[in-house]
Amino acid sequence: MNKEELKVRIEELFPSSVFEEGTEWTTVVIDPAGWEGFARGLRGAEGLELDYLFCVTAIDWKTHFTMVYHLTSTVCRHTVVVKVKLDHDRPVIRTVSDIWRTAEFHEREAFDLFGVVFTDHPDLRRLFMTDEWKGWPLRKDYEDPVNMIKL
Amino acid sequence: MIEEVGTTEQGDLVINVGPQHPSTHGVLHLVITLNGETIKKVEPHLGYIHRSIEKMCESLSYRQFIYVTSRMDYLSSHINNHGCALCVEKGMQIEVPARASVIRVLMDELTRLASHQLWWGAMAMDVGALTPFFHAFREREAINDIMEETCGARLTMNYMVPGGVMADIHPDFQKRVKEFIRFFRTKIDEYDELVTGNIIFKSRMEGVGYLSPESAVSYGCTGPTARGSGVSCDIRKLYPYEVYGQLNFEEVTVSGGDCFARYKVRMQEMRQSISIIEQLIDNIPEGEFLAKTKAVLKLPKGEFYSRVETARGEFGVYIISEGGTTPYRIKFRSPGFSNLSALDLMARGHKIGDLVAIMGTLDLVIPDIDR
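Each protein sequence line maps, in turn, to chains A and B. The numbering used here applies: residue 672 is where the first sequence begins, and numbers increase by one. The numbering used here applies: residue 2 is where the second sequence begins, and numbers increase by one.
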């Protein structure tokens, strides 16, 4: 499906979807509350079949976080980007590791570096940092007098 | 993590593999649960070589950050640089000269050959054959010499820059590459004779570490790991960049899903890379090797994603720009990270000795995983 067709199909399934304009791929912005149902829809709905989650990341916008999920269908070869806006003080979102298994590691990475909490995650622990590490290194307000690398 | 090691209540043995172990090819630490010799669980512990490259890149300019990416997957440094250069070019809408485009593809394929050669040697060594390692390094040395002549470095090349390549190819480049291809064509047949048909090697590989096509997609596996399960995922074919769209080559997929299938994919990929190099080496267009760009690069506000096929799979660069001279946030989607996540699934139920064979066919490069 091309960008417009994808937009129509997603709107059909989730009428309240908000789309971002001027992007390379179809980009949907949603609330964290509806994320699980939305994700299941994207994975399972006929014509969408987005089965390959190739990039998961968080962005710290100082006022809020954005989780970005890049999805591709290996059947239909189209790509959809989903953005979920999270509260800066309490960044909590439902895990999708039961829908796309690759998310388990990627979400652990986002937890480790940004402090985003994924509810129902099977094994939410630090991934790169040691268990005793304090703070979330990729946040914009992160300061570490000892280990900070400034170039 | 040391306190986890020991015997569990069920009588299972929990042991460490790595972080300093010859078969982990770097500082990978696995905590494995064993019942007798059978693996019940594999849990990777990462971060021994984590340098927070993404954070570092936030304070580097769009010309500087590319150099850091050579230090991630050091066996595919050209291709990492290529992905980053493509992303910056996409944002700045820079047109790359035809000459640079062909040189880039040639360098990518030489890198892929060198990377697969090292993998082949190390893979055979992992399952107990020491000789292939020396064969592989002899041939790889020839590629390193070619790289050194043109790029000035043997491992972290930093040759690709936004707009093209840093310098023109060495006057002897074409001659040297042709000599190498002629030499390597005979050697790759020797590789097959030496290892591929070997009955001991085959029995170590066949039926070990099965990965179904569905799992490969769900776990985000790419590159030869997924193509060994019959999943078509070659970025060069699906989303062609540079001159790949005009080239005549095949995407290698083998539907076995076991270690031997992944082995066969890489062996055939080497032949495909040779074919690509042969198609291009006499057809390097004349002209500029670097487009004219501004001294200071500023990406417009927005986000840009580029993906390339490294020797290990899909490498993605995601830049979020606020319009300044440095990226606001940068994310590297490394192929090894996702491939590693499927290790637990593949290794369960196999013997501890098979774990090394499975890791070998995943072709893990730890700095690429830890970033």
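Hints listed in this document are in silico derivations from the structure and should not be mistaken for laboratory results. Some hints could be false.
In silico lysine to aspartate or glutamate, EDC-like type, Cα no more than 20 Å apart, as pairs [stated by the list, open to error]:
no.	chain 1	residue 1	chain 2	residue 2
1	B	K299	B	E279
2	A	K733	B	E59
3	A	K754	B	E44
4	B	K176	B	E142
5	A	K811	B	E55
6	B	K302	B	E142
7	B	K91	A	E814
8	B	K302	A	E692
9	B	K203	B	E215
10	A	K733	B	E142
11	B	K41	A	D815
12	A	K756	A	E707
13	B	K56	A	E814
14	A	K733	B	D193
15	B	K352	B	E44
16	A	K811	B	E59
17	A	K733	A	E720
18	B	K265	B	D193
19	B	K91	A	D760
20	B	K352	B	E96
21	A	K674	A	E695
22	B	K302	A	E695
23	A	K756	B	E323
24	B	K56	A	D815
25	B	K91	A	D815
26	B	K41	A	D794
27	B	K42	A	E775
28	A	K805	A	D760
29	B	K42	A	D769
30	B	K42	A	E720
31	B	K179	B	E194
32	A	K811	B	E44
33	B	K41	B	E323
34	B	K302	A	E691
Only part of the chain B face toward chain A is listed, based on derived beta-carbon distances under 10 Å [said to hold, decoys possible]:
no.	residue
35	G19
36	Q21
37	H46
38	E55
39	E59
40	P214
Think of the CB as a built atom: it goes at the ideal place given N, C-alpha and C, for glycine as much as any other residue.
Against the structure, the hints come out as follows:
Between the alpha carbons of K299(B) and E279(B) the distance comes to roughly 37 Å, so the proposed pair goes past 20 Å and is violated. Annotation: proposed proximity of K733(A) to E59(B) holds, straight-line Cα distance about 15 Å (limit 20 Å). Between K754(A) and E44(B), the direct Cα distance comes to roughly 30 Å. Violation of the 20 Å bound is thereby established for this hinted pair. Distance hint between K176(B) and E142(B) is fulfilled; the C-alpha atoms sit about 16 Å from each other, no more than 20 Å.
Restraint check: the Cα-Cα separation between K811(A) and E55(B) comes to about 12 Å, which is no more than 20 Å; the hinted pair holds. This hinted pair does not check out: K302(B) and E142(B) have alpha carbons roughly 43 Å apart, beyond 20 Å. Between the alpha carbons of K91(B) and E814(A) the distance comes to roughly 32 Å, so the proposed pair goes past 20 Å and is violated. Using a Cα cut-off of 20 Å, the hinted pair K302(B) and E692(A) holds, with the two alpha carbons roughly 13 Å apart.
Restraint check: the Cα-Cα separation between K203(B) and E215(B) comes to about 25 Å, which exceeds 20 Å; the hinted pair is violated. A hinted pair counts as satisfied when its Cα atoms are at most 20 Å apart, and K733(A) with E142(B) does not qualify at roughly 49 Å. A threshold of 20 Å between alpha carbons decides the hint, and for K41(B) with D815(A) the separation of about 39 Å lies outside it, so the pair is violated. Between K756(A) and E707(A) the alpha-carbon distance is near 14 Å, which keeps this suggested pair within the 20 Å criterion.
Restraint check for K56(B) and E814(A): the C-alpha separation of about 12 Å stays at or below 20 Å, so the hint holds. For the hint linking K733(A) to D193(B), the alpha-carbon distance of about 56 Å lies beyond 20 Å, and the restraint is violated. At most 20 Å may separate the alpha-carbon atoms for a hinted pair to count; K352(B) and E44(B) meet this at roughly 16 Å. The hinted pair formed by K811(A) and E59(B) meets the criterion: a straight-line CA distance of about 10 Å does not exceed 20 Å.
Distance restraint check for K733(A) and E720(A): the Cα-Cα separation of roughly 34 Å exceeds the 20 Å cut-off, and the hinted pair is therefore not satisfied. For the suggested pair K265(B) and D193(B), the alpha carbons sit about 10 Å apart, so the restraint of at most 20 Å is met. Proximity of K91(B) to D760(A) is assessed by CA-CA distance (about 34 Å); at most 20 Å being required, the pair is judged violated. This hinted pair does not check out: K352(B) and E96(B) have alpha carbons roughly 53 Å apart, beyond 20 Å.
About 9 Å separates the Cα atoms of K674(A) and E695(A), which keeps this hinted pair within 20 Å; it holds. Distance restraint check for K302(B) and E695(A): the Cα-Cα separation of roughly 14 Å lies within the 20 Å cut-off, and the hinted pair is therefore satisfied. Between the alpha carbons of K756(A) and E323(B) the distance comes to roughly 18 Å, so the proposed pair stays at or under 20 Å and holds. Pair hint K56(B) plus D815(A) holds up; C-alpha atoms about 13 Å apart against a cutoff of 20 Å.
For the proposed pair K91(B) and D815(A), the alpha carbon gap of about 34 Å is over 20 Å, so the pair is violated. Restraint check for K41(B) and D794(A): satisfied, since their Cα atoms lie roughly 17 Å apart, inside the 20 Å limit. Between K42(B) and E775(A) the alpha-carbon distance is near 16 Å, which keeps this suggested pair within the 20 Å criterion. The straight-line distance between the Cα atoms of K805(A) and D760(A) is roughly 16 Å, inside the 20 Å bound, and the hint therefore holds.
Using a Cα cut-off of 20 Å, the hinted pair K42(B) and D769(A) holds, with the two alpha carbons roughly 18 Å apart. For a cut-off of 20 Å, the pair hint linking K42(B) to E720(A) is broken: about 30 Å separates their Cα positions. This hinted pair does not check out: K179(B) and E194(B) have alpha carbons roughly 23 Å apart, beyond 20 Å. As the CA atoms of K811(A) and E44(B) are separated by approximately 31 Å, the hinted pair breaks the 20 Å bound.
Restraint check for K41(B) and E323(B): the C-alpha separation of about 47 Å exceeds 20 Å, so the hint is violated. Annotation: proposed proximity of K302(B) to E691(A) holds, straight-line Cα distance about 14 Å (limit 20 Å). About 15 Å separates the beta-carbon of G19(B) from the nearest beta-carbon of chain A, more than 10 Å, and the hint is not met. With 10 Å as the threshold, the beta carbon of Q21(B) stays out of range of chain A, its nearest partner Cβ sitting at about 17 Å, so the hint is violated.
The criterion of a C-beta within 10 Å of any C-beta in chain A is met by H46(B), whose closest approach is roughly 9 Å, and the hint holds. The restraint placing E55(B) at the interface with chain A holds, with a minimum CB-CB distance near 6 Å, inside the 10 Å limit. Taking 10 Å as the C-beta contact cut-off toward chain A, the hint placing E59(B) at the interface holds, the least distance being around 9 Å. Taking 10 Å as the C-beta contact cut-off toward chain A, the hint placing P214(B) at the interface holds, the least distance being around 9 Å.
Hint check: violations occur at hints 1, 3, 6, 7, 9, 10, 11, 14, 17, 19, 20, 25, 30, 31, 32, 33, 35 and 36; the rest are consistent with the structure.
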